[in-house]
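Colleague: With the hints as constraints, model all of the structure from the sequences given.
Each residue of the sequence shown is one higher than the one before, counting from 1 in UniProt numbering.
Derived from the structure by calculation, the hints contain no laboratory data.
One or more of the hints may lead you astray.
List of simulated lysine-lysine pairs, BS3-like, C-alpha gap at most 30 Å [unchecked claim]:
id, residue 1, residue 2
1, 376, 316
2, 228, 285
3, 182, 166
4, 645, 664
5, 249, 309
6, 382, 316
7, 249, 228
8, 182, 170
Keep in mind it's a predicted model, so treat the numbers as computed, not measured.
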Amino acid sequence: SCDATQFCNCSSMGLDFIPGGLTGKITVLNLAHNSIKHIRSEDLQQAVNLRALLLQSNKISSIDEDSFRPLGKLELLDLSNNSLAHLSPAWFGHLYSLQHLHLQGNSYRDLGESSPFSGLRNLSSLHLGNPWFSTIRQGNFEGIVVLDTLWIDGGNLSQYEPGSLKPITKINHMIINLRSIKVFSAIVSDLLHSVTWLEVREIAFTIPAEMQLLRVLSSSFANKISFKQALLTDATVPEIVSILEDMPKLVEVEMIDCRLLGTGRWEIQIQANQSETVRILTIEKLSIEEFYLFTDLQSVEGLLSLLTKITVENTKVFLVPCSLSQHLLSLEYLDLSANLLGDQSLEHSACQGGWPSLQTLNLSQNSLSDLEMTGKSLSHLKNLILLDISQNNFGEIPDVCEWPKTLKYLNLSGTQIPKLTTCIPATLEVLDVSANNLKEFGLQLPLLKELYLAKNQLKTLPGAAPIPNLVALSVRRNKLNSFSGEEFESFKKMELLDASDNNFICSCEFLSFIHHQAGIAQVLVGWPNRYICDSPLAVRGAQVGAVHLSVMECHRSLVVLLICAVVFLVILTLVAVGYKYHAVWYLRMTWAWLQAKRKPKRAPAKDICYDAFVSYSENDSDWVENIMVRELEQACPPFRLCLHKRDFVPGKWIVDNIIDSIEKSHKTLFVLSEHFVQSEWCKYELDFSHFRLFDENNDAAILVLLEPIQSKAIPKRFCKLRKIMNTKTYLEWPPGEEQQEMFWENLKGALKS
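Modeller: Right, here's the structure in full:
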């Protein structure tokens, strides 16, 4: 399970112990998703060069104290999602190089009386906690001074001894899941000057009286604070805003997948003590159940003038009040993607005087439908450089539009535009019109440097003269089938061409021409679907001069034709061989064998209906039906025979009829002749009798030779029938009348036996 880099992947193999034979060469050992319950001291003795040990998602409940002693070079240890009921400091005492330790998802309730991590001087990230984790004591984190990430899953953490986290002087990113406001306040008190980014998950800020416990947060030196899956109400929002305003070094506030129970009618007026440090606000997937009743946010307008970057994504925003936009004086970046903004509401949101410093605006995945109105609504934004209005539904666009004079980057991908017009601003340097229904591109864009036309219906390249400064062109997934030399000679500044997934007829000559005449440095022609001869995946992004194409890549149609011819000849040969050696017969015999094997060896006596089932060729029917049947069925006592013409069940599959008839008969009587061995259905009857009768070593089969026939004349595939004819007695129909009386007596005796 080890590759050349000594990465050994033994995950999901059903192991219940660490396998033996581990050597000092192994650097990474993945034993995740097995059923290991115990780690013994000798299991890892030889793995002295191990850098990463992955043991997550097992059933580990016990570890010998010196199990990890040889792993002095170990940098990552993952023991998450096991059944460890306690943590022993002895496990980690010799892991001097350990940087990443994952202990979450076990069953321990605390970290013990002392610190399990005191010897981990190089520890960078620590993840601990579980649904039963309830207590953190003083001394539990002794020995840890600096951490990049500390993640505590403490949903039921109820006891925290003050000072427990104080030994850690610096934490870049602190993630904590908990429900208790009291415990959260105590933890924050210990980390006021230690945490750079504080992320709080699954906490509910719903009780106004508890907000005083959060006042300590206003003294935190954190630069960024994130709330994920948190719950807020109208009663608690003003207090939280007030606390965040007072944080002396806070730059970024983030709310992701949170819920607000309310409509913005704050019970306490938000004090407009504008933070002098907060510059970035991110809100994603904020759920406001009664969002349609939400107020105009006048109470927070005074807090926003210094913000430079705002993201409000996937939050059902249908309008930004004009007065609010006018207060965003410093805003340079605004992301309102995946919301409900329409043409009219955008006009109101981007009113005169609103967003005066805006440079980047993302309005993708909204409800915009009028490109002319969109451009006009934004035309007064004198600093706007980048506009993303992709994945709206504009459809046909007019010939004339009004845009900001400074606009350089425009994304119109996935907007259902069938044809481009001069509505597109001539000031653009980057234009993305991918994933539309374009059949041509002929715009005059003298400043354009990058053009993205992927996933359209283009059959020819855009002309070079209208876009003389083009540096990068993407035409992947179109319907291009050829390029001419004149097309490329005109692109004097082209450096990158992505033409993958098209219908090129000859990429070999195409690549050679580009390299030697057009001088394009990078060509992405990819592999995938409909290329007749393109370069392999290894060519993507490679220097054209270094590309050496194989015969397969340059003459794909010829190679495909040859492969088809070879496959046809192989199939034809198999058919011929199968016909000569009776392959179809063997398949049918196998099916009969399977049918026979499913049923009991013998039918119960009550199910026996016939004295004999008669198997014969249609060409011998005159003798069977007019002579043999009359002689046997009119005898005293009479014999009851089963004939396919008379006794088979109409509508039932003939093979089932044969099988059932033989099983319901005491004997099977084969009337052998030259015609018999050529009969297809007689073969089926013999097939079944091979397995049901001859294999039982009894006398259930009676052979009657209607005419002289040598055993050699029987096809070789009926090997058991030939053997019986060579080793057992059979009855021959005599030509003379004086001997026929004896024949009937012998046949009747055989049927009675």
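Colleague: With reference to the structure, classify each hint as holding or not holding.
Modeller: Results for each hint:
no.	hint	result
1	376 to 316	24 Å, holds
2	228 to 285	10 Å, holds
3	182 to 166	17 Å, holds
4	645 to 664	16 Å, holds
5	249 to 309	17 Å, holds
6	382 to 316	28 Å, holds
7	249 to 228	21 Å, holds
8	182 to 170	23 Å, holds
Hint compliance for this structure: no hint is broken.
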